[in-house]
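Visitor: Sequence:
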Amino acid sequence: MGKPTGFMEYKREKIKEKSTLERISNWKEYSSRLSDTSLKTQGARCMNCGTPFCHMGVEIQGKVAGCPINNIIPEWNDLVYKGQWKEALERLHMTNNFPEFTGRVCPAPCEGSCTLAITDPAVAIKSIERTIIDKGFENGWVLPRIPNNRTGKTVAIIGSGPAGLAAADQLNQLGHKVTVYERADRPGGLLMYGIPNMKLEKEVIERRVNLMIEEGINFRCGVNIGVDVEPEELRSLYDAVILCIGAPKQRHLYMEGSDAKGVHLAMDYLADVTKSLLDTNFEDGKALNVEGKDVIVIGGGDTGADCVATAIRQNCKSVHQFGKHPILPISRTEDHQWPRDPNIFTLDYSYAEVNDAKGYDPREYCIQTKKIMKDESGHVLELHTIQMEKVLGDEGFYYFKELPGTERIWPAQHVFVAIGFEGVEKSLPEQFGVEVENNRIRASIKDFETNVPGIFTAGDARRGQSLVVWAIKEGRGVAASVHQYLLEANVAL
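Residue numbers for the sequence shown follow the numbering used here, so the first one is 24 and each next one is one higher.
Check before you lean on any hint, since a few could be wrong.
What the hints assert, rightly or not - Keeping only pairs whose Cα atoms sit at most 25 angstroms apart, straight-line, the calculated DSS-like set for lysine-lysine is:
1. 316 <-> 347
2. 158 <-> 63
3. 225 <-> 272
4. 51 <-> 309
5. 222 <-> 51
6. 272 <-> 149
7. 393 <-> 200
8. 222 <-> 381
9. 149 <-> 105
10. 86 <-> 225
11. 37 <-> 222
12. 316 <-> 393
13. 381 <-> 39
14. 105 <-> 222
15. 347 <-> 393
Stated by the list, open to error - Derived CB-CB ranges, DEER-like:
16. 415 <-> 170: 55 to 65 angstroms
17. 415 <-> 48: 13 to 23 angstroms
18. 412 <-> 275: 21 to 31 angstroms
Since the hints were made in silico from the structure, they are not lab data. For every residue, glycine included, the Cβ atom is placed at its ideal position computed from N, Cα and C.
Take the sequences, apply the hints, and build the full model.
Guide: Below is the structure:
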């Protein structure tokens, strides 16, 4: 377990971050890794518990506890402590196809379930994971794995997000010939166009995709299945099809004035900015620019936070993020105990940036937008809001009660709607004849097969909007099921 007393001797060290004023001047990743010496010390803090909750990967009352892909965290923590980085990489790759993604964008539920986190700051698992894979690439340890034998079976995967990429990686290593179809111009799904560059630089994605191409996976971007290629044609070409199309249908805002010019869906804003950055470094002028404007983000989640970070990099005049829930507690509450991921107050990267650049936390809590006012040209002019109180009703359910006298008017020229996702876009599943239930493609986690034989699904399309790490788990799971299906089909022949 490394150093048995390490957790008592060493304190947690935060990952390095550029100063807020420096990083908002560019679109580079705002964080960087710790030194090898520091990470050896952080690895020494791992207790190698008799029951390591960090990698159990379960849901408790709808909240994740531990690593969903069951990373064998204590083992690679110990290897890092001993300076055995290559062995740590091998152990990490046993369970995680893309640690360079999760090491950057995963909220690290493993740390919330770390036994040390009961009384002290958790082991810096995410920082260690990121460094293991980055050192692997830098030292040439991550090499193309070309399968020795091919089965002759072919699989089409529609969607190149983390679920599709994980499924492709697994199936290719099993010897099947895999083609990944992506309707966007670059592979990666929401990794590419949903997560801003300052959290995940796109060279990281391209590096992995290029490796997968060397390993024999075929990527066809700019191909919209159901439009450019009919589902019947696709089915005739492949032995199995996997739908990893995500749950990208965004929730719209329905209220007076929500049709005003200047009201945008958050993911459209983030995608357009990223594409313009990658295509021309913004020289094409195609990205919406909020420089000098008052910006309101409606929705208190991570997508909204990314909009805040994007707006502050574009030098907006002001930016505020509206959330309907109360401010989170500083420490765990009785109804949110370990080993669940702690739902506590933190200063996310974007909020720290606004705080330092503008002098205030952009988050507004328990606030309800009542209407959006337009100017003479139909463009958004201002938002009218009221504060709310979260109240426990007699039936045992919480509801929000408006507080008279707390009305306020907010100037705004741009409003970004980040109130979540409805689920899968139904047109493609319907063309394949697969069932959609509760805005998700219907398939069990046992075999991931839809009601149509040979058509499988995984990721957000099956389970709903979730974390990158869950998508990787789904991709690995569906690959195992498809492999078994192809073996059985071969026996039947």
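Visitor: For every hint, state whether the structure bears it out.
Guide: Evaluated hints:
1. 316 <-> 347: Holds. Residue 316 to residue 347 sits at ~24 angstroms (cutoff 25 angstroms).
2. 158 <-> 63: holds, 14 angstroms
3. 225 <-> 272: holds, 23 angstroms
4. 51 <-> 309: The hint holds at about 20 angstroms.
5. 222 <-> 51: Given pair residue 222, residue 51 holds - Cα atoms ~8 angstroms apart, limit 25 angstroms.
6. 272 <-> 149: At roughly 30 angstroms apart (the allowed maximum being 25 angstroms), residue 149 and residue 272 break the hint.
7. 393 <-> 200: violated, 54 angstroms
8. 222 <-> 381: Given pair residue 222, residue 381 holds - Cα atoms ~21 angstroms apart, limit 25 angstroms.
9. 149 <-> 105: The hint holds at about 18 angstroms.
10. 86 <-> 225: violated, 29 angstroms
11. 37 <-> 222: Holds, at about 16 angstroms.
12. 316 <-> 393: holds, 21 angstroms
13. 381 <-> 39: With Cα atoms ~22 angstroms apart, residue 381 and residue 39 stay inside 25 angstroms; holds.
14. 105 <-> 222: Violated: residue 105 and residue 222 sit about 29 angstroms apart, past 25 angstroms.
15. 347 <-> 393: Measuring from Cα to Cα gives roughly 12 angstroms; hence the hint holds.
16. 415 <-> 170: 55 to 65 angstroms: holds, 57 angstroms
17. 415 <-> 48: 13 to 23 angstroms: violated, 46 angstroms
18. 412 <-> 275: 21 to 31 angstroms: holds, 26 angstroms
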